[in-house]
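S.K.: Using the sequences provided together with the hints, build the complete structure.
Residues per chain, in single letters:
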Amino acid sequence: AQSVTQPDIHITVSEGASLELRCNYSYGATPYLFWYVQSPGQGLQLLLKYFSGDTLVQGIKGFEAEFKRSQSSFNLRKPSVHWSDAAEYFCAVGPLNSGYSTLTFGKGTMLLVSP
Amino acid sequence: NAGVTQTPKFRILKIGQSMTLQCTQDMNHNYMYWYRQDPGMGLKLIYYSVGAGITDKGEVPNGYNVSRSTTEDFPLRLELAAPSQTSVYFCASSYGGIEDNEQFFGPGTRLTVL
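Sequence order for the protein chains is A and B. If you read the first sequence in our numbering, its first letter stands for residue 1, the second for the next number, and so on. If you read the second sequence in our numbering, its first letter stands for residue 1, the second for the next number, and so on.
Since the hints were derived computationally from the structure, they do not count as laboratory data. There could be a bad hint or two in this list.
[As the list claims (entries may be wrong)] In silico lysine-lysine, DSS-like type, Cα no more than 25 Å apart, as pairs:
1) K61/A - K107/A
2) K68/A - K49/A
3) K107/A - K14/B
4) K107/A - K44/B
5) K49/A - K14/B
6) K57/B - K44/B
7) K44/B - K14/B
8) K61/A - K49/A
9) K9/B - K107/A
10) K68/A - K107/A
11) K49/A - K107/A
12) K9/B - K44/B
M.R.: See below:
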């Protein structure tokens, strides 16, 4: 069965510092990978996605992620964090069933930004 | 274009009561989903639908029912509420297909069962 692991429950980063959020997946075929962000009290918003091609993917709000097949990882990065980036971040992999657009989500990483 | 809307935003139920969580999307998406989110557990898929009249179980369907009579609406029914169903519920939709799988989420319904 497919699964997604986000090893860090919480991460605290100083404003202006770089950020890397880890995501490892287990999947029997070529995965489709996603990062979503959830601000407090809000639904989830897509940051970026990887389907194929260039393994370095650019997303919104200055985020990027790199797919590394050999490490089964899809880590999210940002070179300089802003206070408004404080939120919970979810990595997801799909599809759950062939042909159907269902996703398996990780448990999330809460990002705290210190002044 | 409102996207995905959910009602109500908050609800408190007594054990054994029933209720329907409403979800509507105006993007003409084929696929719709219901998730529950519990602290520290991420999102778990309850049910999903790939089009009007077609629904299927997700990872945690017990205690819930769904229907999809129109493309726009995908209500989630709780028949006999239990404390274990206290959670935040998110509805989402996507156009469909594997490569066009960006899911758009509603703002959520926070449900407490006492």
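S.K.: Of the numbered hints stated previously, which ones are contradicted by the structure, given in increasing order?
M.R.: 3 and 5
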